[in-house]
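Enquirer: Here is what each chain is made of, one letter per residue.
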Amino acid sequence: MSRISKDDRRLQLQREAQGDHLYANRVRVYPKDVHGVVRRTKWAILVLCLTIYYLLPWLRWSRGPGRPTQAVLLDITNERFYFFNLELWPQDIWLLAGLLILGAVALFLVTSLFGRLWCGYTCPQTVWTDLFMWIERKIEGDRNERMQRDAAALNADTIWKKFLKHSIWLAIAFWTGGAWIMYYVDAPTVTVEFWTGRASNEVYFFTWLFTFTTYVLAGWAREQVCTYMCPWPRFQSAMLDDQSFTVTYQGWRGEPRSRGKRVAGAPQAGDCVDCGACVMACPTGIDIRDGIQLECINCGLCIDACNHVMERTHQDKWLITWDTLARQAAKKTGRHEPIKILRPRTIIYVSVLLVAMIGMTVALATRSTLELSVQRDRAPVFVPLADGSIRNGYTVKIANKTQMNGAFDLSIGGLPGSTMVIAEGDPKPVTVLRVLSASDEVDTFRVLVTARPTALTDGSQPVDFVLRDSATGKQTVYHSTFMGPPGYAGGVR
Amino acid sequence: MPTKIEKDAVTGRETTGHEWDGVKELDTPLPKWWLYVFFACIAWAAGMFVLYPSIPYGKGYFHGVLGYSQRAAVDADVAKLIAQRKGSMDKIAALSFDAIKADPALMEVALTSGRITFAENCQPCHGPGGGGRPGFPALAAGAWIWGGTLADIQQTVTHGIRSADADARQSAMPRFGADGMLKPAEIEAVADYVWATFYGHPTAGQDVSAGAKIFADNCVACHGDKGQGNRDMGAPRLASHVHLYGDTRETIVSQVTLPRQGVMPNWGTRLDPATIKSVALYVHSLGGGE
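Protein chains in written order, with this note's numbering: chain A, 1 to 493; chain B, 1 to 290.
Because the hints were derived from the structure by calculation, they are not lab data. Just so you know, not all the hints are guaranteed correct.
[Stated by the list, open to error] Straight-line alpha carbon distances no greater than 25 Å define the calculated BS3-like cross-link-like pairs of lysine-lysine that follow:
1) A:162 to B:101
2) A:401 to A:474
3) B:32 to A:428
4) B:101 to A:397
5) B:7 to B:32
6) A:32 to A:162
7) A:138 to A:161
8) A:261 to A:162
9) A:428 to A:401
When you get a sec, could you build the whole thing from the sequences and use the hints?
Expert: Spelled out as structure tokens, the structure:
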């Protein structure tokens, strides 16, 4: 035990006197309704996002007989992803990685230019929370009414309104969870199956899971998701610099804040009338006048709230606005600072974005409908045969992504005199193997190649597997190696 | 005990009193809901203690209200698997090799079952993929001593070679040197002949007629006059590039003097007939099958 100094003891007592210090009660946020250009924009984006989310699975798309008719379908069971005319196989999964990189870099770029636009406008947490708050406001009334209701004792009206609110929340949450499932299974089919009790356990599980998370996160957790759970606010500051546009209280104009009428020619009072409208409108319950902070999701509802007050007090609008730290510092001293869009970080983000986009587009456009992959046996690496020749085994995979069954000719380049057989197939050795590959399938077979290579000085030599579509003549080549004992020279004694 | 608790000028909040290279941490209270989640986890843990096997005492343990047992769960899973496979395995046991090969789905089951059985039972001696090891035949090479048809392989796997099984494949190369049937000089001569003629390493100007005579008198009966071997007797083919005990002249001398007599277990006592048929199909598919 270390000795406790008098000062520490005093501090300790002080902390105990402060009461329940280790854990903080939640400060309930009652955002006030606002009207204005920001709010209208936010509603428009909300309607757009939710319309796409709820209706996209119902969009039909013709792909020919026997094929899924859903425009966007992530068919995990059958290992196919469909996006309109694009059909992706498990082999194309790297496109998903490319898409995620694109998404991340685009997010970095937007953040470095305009701050946390994603958080304020398009993040699902924001969108559904906004929707749930709107329902709450329609049923329980605006900020003051809700605060009074929660502070007062329970009565029949409160119980009824809370019941109604939670019922509607749950209904929307259920619709949300159900729509999620429809991206993975055919929407009309799963809807019928769901209500007739014939859907799979996974369907029920994920529907109820996303119903639950939507209800809890958008109805109850709200801004705490952004403040405590989400990692993005913690590192988004790495993308911001003093040239990024963020929701900004123009302190040089507003301070010193004071209440009361503005008298012309009284320079001591700033434009801020300290009405608190910006704080009341904030969905995360912060004061934007304290400057840029972790909890701010950059939604700009405080801008609408403040503009309204500025209009009523006959002052210039946009006391709270989107601006950069650099421009604010310049305005304070009366200078003009130009907007700098081109900065090293934005140039880097744009270049990465362009390179990734071009790469992905080229890769998508030149994506082959016929894929050949050849995997050499590792154990045994090679088999010396009784007649002195060497045999190597290969696992050959042909992915036929076309809608037609095909006949293909497999041959080997760079290994003169070699012959092939398919394991447990026709035992007669041939130089060109005719293989049939069904449409929309991956065919796997083992090919045994026997040869007497003369140039195996270091135990291996390169060979090319050539797959030729017998109908179109198109060729696909896969580079591999043929191995044998080092110093092998044809097996002739 | 942190000693440098101070009030932060910006937030008005106290610091934790810890300092790392000048970085101080605000003593921010945890949200209550987080605390409740923590309590819920503790309650969950307590529930698990009651429901599932948890507390050991002496030689026993508290079995839990649900009576769950991992061993029973595994046994049930295994029984389920066996029941699931029963249809295919019964078919493999009943059908002929040709009939199995004609059914691609059944063939896939047989090859998979055979591959796993091979890895667990055969691979330690015969090597992965049947590549062979010194003294243990390379099954993929097809240098069969007892035959490489599916029926031959099935027979060898079931009854073994020089095993305890009554139907085991039996062969015994005489101990020409150890039993004094051939003198060391004669053994060297016959080794010269075999090395030059069958192994393909003739030395210019070397006369191997003495060895040829000894070979004709002692070895031809089993190994054949062209060194082609005899599968009925389990006599290896000498005119080959693949030899069981090594591809050197020294091994010829040692095999004639005091031959090694390898043993293969009779797997019929350990593996059921369907599994043996599967493993025969797998071995056949490695490349050496006839």
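Enquirer: Now tell me if each hint is right for this structure.
Expert: Going down the list of hints, with the structure as the test:
no.: 1; hint: A:162 to B:101; in the structure: 69 Å, violated
no.: 2; hint: A:401 to A:474; in the structure: 14 Å, holds
no.: 3; hint: B:32 to A:428; in the structure: 76 Å, violated
no.: 4; hint: B:101 to A:397; in the structure: 21 Å, holds
no.: 5; hint: B:7 to B:32; in the structure: 23 Å, holds
no.: 6; hint: A:32 to A:162; in the structure: 18 Å, holds
no.: 7; hint: A:138 to A:161; in the structure: 10 Å, holds
no.: 8; hint: A:261 to A:162; in the structure: 40 Å, violated
no.: 9; hint: A:428 to A:401; in the structure: 30 Å, violated
Comparing the model with each numbered hint stated earlier shows that hints 1, 3, 8, 9 do not hold.
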